[in-house]
Amino acid sequence: MKTSKLPNVIFKLLTFGAAICVIVLIVGMLLTLLLESWPALRRFGFFDFLFGRNWNYANQIFGALRPLTGTIISTGLALVMAVPVALGTAVFLVELCPHKLRSGIGTAIELLAAIPSIIYGMWGLFVLAPMLEENFQPLIVGTLGKLPLMGPFFQSHYAGGVNLFTAAVILAIMIIPFIAGIARDAFNQVPPILKESSYGVGATHWETIAQVILPYTKTAVAGGVIIAMGRALGETMAVAYVIGNRHGGLDSIFSPYVTITSVMANEFNEAAGLQMSSLFTLALVLLIANFMVLSLAKYVLRSKFN
Amino acid sequence: MNHLNQRKVTNIIALSLASLCAAIGLALLFIILFDVLKNGLGSINWRLFTEDPAPPTIAGAGGLRSAFLGQGLLTLAAAVIGVPLGILGGTFLSEYGRHHKISRVISMLSDIAVSIPSIVIGTFVYAVLVKPFGSYNGWAGAAALAIIILPIIIRTTEDMMNMVPWALREAAFALGAPYCRVIWNVVYRSASAGIFTGVLLAIARIAGETAPLLFTSFNSNFFQLNMSAPVPSLTVSIYQYAASPYQNWVGMAWAAAFVVTCFVLLMNIIGRLTIKLKVKG
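As given, the protein sequences belong to chains A and B, one line each in that order. Positions in the first sequence are counted from 1; adding 737 to them yields the numbering used here. Positions in the second sequence are counted from 1; adding 5 to them yields the numbering used here.
It is worth saying that the hints were derived from the structure and are not from the lab. Treat the hints with caution; some may be incorrect.
Said to hold, decoys possible - In silico DSSO-like cross-links for lysine-lysine, where the CA-CA straight-line distance does not exceed 27 Å:
1) A:K955 with A:K1035
2) B:K13 with A:K749
3) A:K742 with B:K106
4) B:K13 with A:K932
5) A:K932 with A:K837
6) B:K281 with A:K837
7) A:K932 with A:K955
Isolated chain A, as found in the complex:
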C-alpha cells in the first residue's frame, strides 16, 4: 500500500506546484513592475504622472496623460464602430443566414480572430491608412470639420493617413470577429420556445430579435464587449504601425498621436534611466487597467449564472 501512495503524493505536489505558478507569476509581475516604476513614481508622484501632459526627454519630465488619452479614445472609437457591426453579423449568422452557409461563415469569422496582430498592423499601414486618407478623411473634413466648436477636431493637419482614427478603425476590425463570435454563441443559447412564443403573439422577426433575443442575452454580450475592450486596450503591434507616435497635443482625430502600447513598443529598446522607469509605470498602469476591465467582465458574466 505504501509503494502505491508515494507516486500519487509526488504527482499531486507536481500539479499543485504548476498551478501555483499562475499566482506566483501574476504577483511577481505586479511587484516587478512596481519596483521598476519606483524611480518615476517617486520623482513625479502617481497622480502627477498619470495626468502629466509632458513626455520630454530633454527635460526628463514624463507624464502619461497623452498616451492614456490616446488609448482611451482609440479603444472607445473602436468599440463604437465594432459593436453594431459585430452584433449585426451575429444576428445575421443566427437568424438570417441559410443553414448551409452558417458553419462556414462562422468558422471563417473565428479564424479571422486568430490572425496575429502584426498582420493587421501591416495591412493597416499599407492598405487601410492610404485608403482612409484618400476616400474617408476628405468626407469627414468636409462635413464634420465645418462645424463650429467641434470642427477643428475633425480637420486634417498631417498627411499620410497614419493617425488616431486609423488606429481606432484597425482596432475595430480586430475585435469585430471576437464580439461577433461571443454574441453568436449567446444568441444560439436562447431557448426556441421563447422565440416561438414571440412569433405566436404576432411579433415580426425583428421585434423578436430586439425584444426577446437581445434582452435574454444582454449580460453575455456585455461580458463579451468588455473582454473585447480589454483586448483593444492592450493591443500593441497593430496600433504601433498606424498611430504615428507623435507626442503632441490632440488637435484632431486625424492627427498622429500616442497610445500606452505604442509608446512602449517604440521607445522601450532605446530608453534608459527615468524614461525607462516611466515606461515601466505605463506597463503597470496598463496591467492594472486590464485587470480591472477583466474582473468587471467576470463579475458581469458571473451575476448571470447566480
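Given the coordinates of chain A, assemble chain B onto it according to the supplied hints.
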C-alpha cells in the same frame, strides 16, 4: 393596418441592416486575407527560406532563413516549458484541488491572465531575465511566450478534464488504482483530443506574437541559434522590415507575413478538425 405596415417596414429595414453589417464585417476581413495573399505570393521565393538577411541595397539577395529557424526555436522552447506546466496545473484544478478554494482563485486568475497584454509580459520578462544579464537573449523570449500560453493551457486542460464523466474515474478507483494512475490512464486518455487542440491553439497564438519578443529575444541579422544571445525571429523581422523604406525589405515582410498567417490558420484548422472528428467518432 397602417401600424402593421409600419412594423413590417421596420422589420425589413432592420434585417437588411443586420445583413449589411455581416457583409461589411466579412468583406473587410476577406479583403485583409486577400491583400496578404496577393502581396505575400507576389514576393515569396526560395531565397526567403534559404538565405540569411542581407543589406537592403543589394537587390535580389537575402532571405529570412535565420528568422524562420529562430522563431521555430523560440516557439518550441516556449512550448517545452509552458505545455507540461499548463497541463499539470490544469490537472490540479480539475482533480486534486477541485474542492479547494485556491483552485477557484487560480482558475479565475488564469482567465484574467489570458488577457494580460503581451507587451506587459514582455516588459516583465525584460526586468527579470534581460536586465540582470545585460543582454537580450533567447531564453527570455521563450519565457515570455511560455508565460502567455501557461494560463491558456491551464484553462483548456481544466475544462477538458472536467468534461470526463465521474463514472469513468469511479470505475478505475473500484479496480484499486491510485489517483495518479486514474489520471494518467483514464482522465488524460479521455481528454487527450481536447487538450491536444488546446495546445495547438496556444502554439498558434504565440507563433504570431511580436510585442513580447521585442524586449526579450529582440532580433539578430545573423544566423545564430544560441539561446543566451539575441535570437532572430520572423515577427520582429516583419515589424522592422515593413517599417523600412526599402522596397525589397517590405516585400520580404509581406512574404513572411503570408507564411505566418498560413501557419497560424493551419494550426487552428487542424485543432478544430481534431476536436470535431473526436466528437463524431
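Hint check results:
| no. | hint | in the structure |
| --- | --- | --- |
| 1 | A:K955 with A:K1035 | holds, 14 Å |
| 2 | B:K13 with A:K749 | violated, 63 Å |
| 3 | A:K742 with B:K106 | holds, 24 Å |
| 4 | B:K13 with A:K932 | holds, 18 Å |
| 5 | A:K932 with A:K837 | holds, 22 Å |
| 6 | B:K281 with A:K837 | holds, 17 Å |
| 7 | A:K932 with A:K955 | holds, 16 Å |
Hint compliance for this structure: hint 2 is the single one not met.
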